[in-house]
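**Student:** Listed below are the residues making up each chain.
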Amino acid sequence: MASAPGARLAELIAGVRRLALVGLAKNTGKTETLATILAEHAAAGISVGVTSIGRDGEERDVIDARIAKPRVYLSEGSLVASAGELVSASGLAHERLEQTGVRTPLGEVVIVRLGEPGAIEVAGPSAAGDVLAVSEAMLALGAEQVLIDGAIDRRAASSPAVADALVVATGAVLARELDEVVAATAQAIDVIRLPLFEPARDRSDGSVVAVGRELVLRGEPAQVAALLRTHPQASTLRIEGALGEGFLEGLLAARRERAGRELEIVVADPTRAFLSRRGPRWYAKAGISLAVLDTIDLKAITVNPRRADVARLRFSRAARADLRGGRRRRAGD
Amino acid sequence: MSEWREADLSRVKPYADRLDDGVMQLSFTLPVPYGKAARRAAMQLASKMGLEHPEVVHFQALTDGYTYFVMFGECVHTVDFTALSEDGFEVEYMTEAQIEAYARERVGRPIVVVGAATGTDTHSVGIDAMLNLKGFHGHHGLEGYKAFRTYNLGSQVPNSVLVARAIDLGADAILVSQTVTQQNLHIANLTELVEIVEAEGQRKNVILTCGGPRVSDELAKELGYDAGFSKGTYPHHVASFIVRELAARIEQNGERSRERDGRAEDVSRVPGANG
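Going down the list, the protein sequences come from chains A and B.
Counted the way our numbering counts, the first sequence spans residues 1 to 333.
Counted the way our numbering counts, the second sequence spans residues 1 to 275.
It is possible that part of the hints are untrue.
As the list claims (entries may be wrong) - Which stretches of chain B does chain A cover? Using the computed rule of at least three CB atoms under 8 Å from a CB of chain A, they are:
(1) 31 to 41
(2) 161 to 170
(3) 238 to 252
For the record, the hints were derived by calculation from the structure and aren't laboratory data.
Only a predicted model underlies this, so the values are computations on that prediction, with no experimental measurement involved.
In this text, a Cβ means the ideal position worked out from N, Cα and C, and glycines have one as well.
The shape of chain A in the complex, shown without the other chains (with noise of 0.2 Å):
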């Protein structure tokens, strides 16, 4: 499947600095589509860091041993972030360039650059904080665009504080059908396109509350009903960490409080949503819409139509149309 004719992916994510590869599950192709981009990236002769929050050119998957993992080939001059052993596993030249003192349950992780082609696996730093700065490091050594690639649904490093933009891997291993295939990949996309905070210019009304972390975390219906109660006006509730489910349902159920109040709920960034069984444009029928204060730029979304088990899905123009309609664009867009 590797750079298929047009390149048409190394197109899409042209200037991005750091890029981050994320699946809506695993074994949705997030390295297929890295090995994608690095074959596309190679025959174009874009310098690259590649580094990733799990593991990647495994031969086996972890999980399912049955699964042929794709190997991840890399020009000669690339950049990698790895485990020192893995490098070292991979029999390939290179330079060590730093060590960055992140520890793995792999091994420490390393900076080199390969001084010749071939396949490596890749098993960069997991934190988000750790991930940023390797990329930075890879960015400052000389990579014009560093790819991040996920692990298994995590979404913790394309947040905007560490990636710039983001390829989404979608594929038939979410659901049986293919409707529910779609609609999976809708709500995940709403969550990643959740529009903008835009402030009212005067906010001395207390209608922005900010929202303490053990009453989010816990969502006790109680105490969500008392939030509401001691601030009548409010109609933006600013949460600063996760926002779960637990604490919508606490909204849901204190209908005597809401009486009628329409809501919009601010987290800082795409990654702090977690919704997995309804999606934002559920709870903006029920009155309770979302929003960020910083999002990324949703460049691609890849899909595998292959699972082990299911024959090749078709995505029709419809489920086409599905997954692109009903958002509002970024400014700016």
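Got chain A; can you put chain B on it based on the hints?
**Tutor:** Relative to chain A, chain B alone:
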């Protein structure tokens, strides 16, 4: 007299009577009644497994409809041992006394560990064995160490509640146990915890470890944990890892500031790899 020769470590195969004969022994049970057909079934299975010259050296009825086999067969495959390393985060396990001394010297305050079986998992046996005083196999859990202050939240704890408690308690380490692995439920549940900790800006402030029958270093890396513990883990293994990792972090970044006022730290301000 046979000639002595050394094993070729780039092409290693099983050894029984002589080097590289490839002979291996396997034992298993088939859900079929004892008899000649059962024996043939075992032979066929061994052939399908790629074993050459398979032979059933022992078989017996286990109970009605079940037969137990011991077989020999020759493995034709080899592995390149020279290409394998003991990669992974080498932890030299310390004894309880060594852990106590190390913690006193390098950390110098109680180490707060919060544990739970998360999500829908009702099995608390793993987390109990690691944390509770009773421990298991004569190794008592972290609760029995002076170095640790432990909080076992039990089973079926939602990830968000575990994170809220951990932050409130100023946890140095979170220990999660996932016993149920049907449909890979544990995977989504384990990644969600990591993601919530990240979303709260706490990832660099807390050591994340997971344990369960199907957890490995490789899986832990994929999931975003600092370490993964599987079968055969004793409390002092977990304790060794936590004290060493915490000491290394304190050495790198200094003692973290414990903020408990509910304000999350922005990810961009988390100290980086070399910070």
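**Student:** Compare the structure with each hint and give your call.
**Tutor:** Hints, one by one, checked against the model:
1. For the segment 31 to 41 of chain B, the assignment as covered by chain A is violated, since 0 residues bring a beta-carbon within under 8 Å of that chain's beta-carbons and 3 are needed.
2. Restraint check on the segment 161 to 170 of chain B versus chain A: 5 residues with Cβ-Cβ distances below 8 Å, three needed, restraint holds.
3. Interface restraint, the segment 238 to 252 of chain B with chain A: holds (3 residues with C-beta to C-beta distance below 8 Å; minimum three).
The structure fails to meet hint 1 from the earlier list, while all remaining hints are met.
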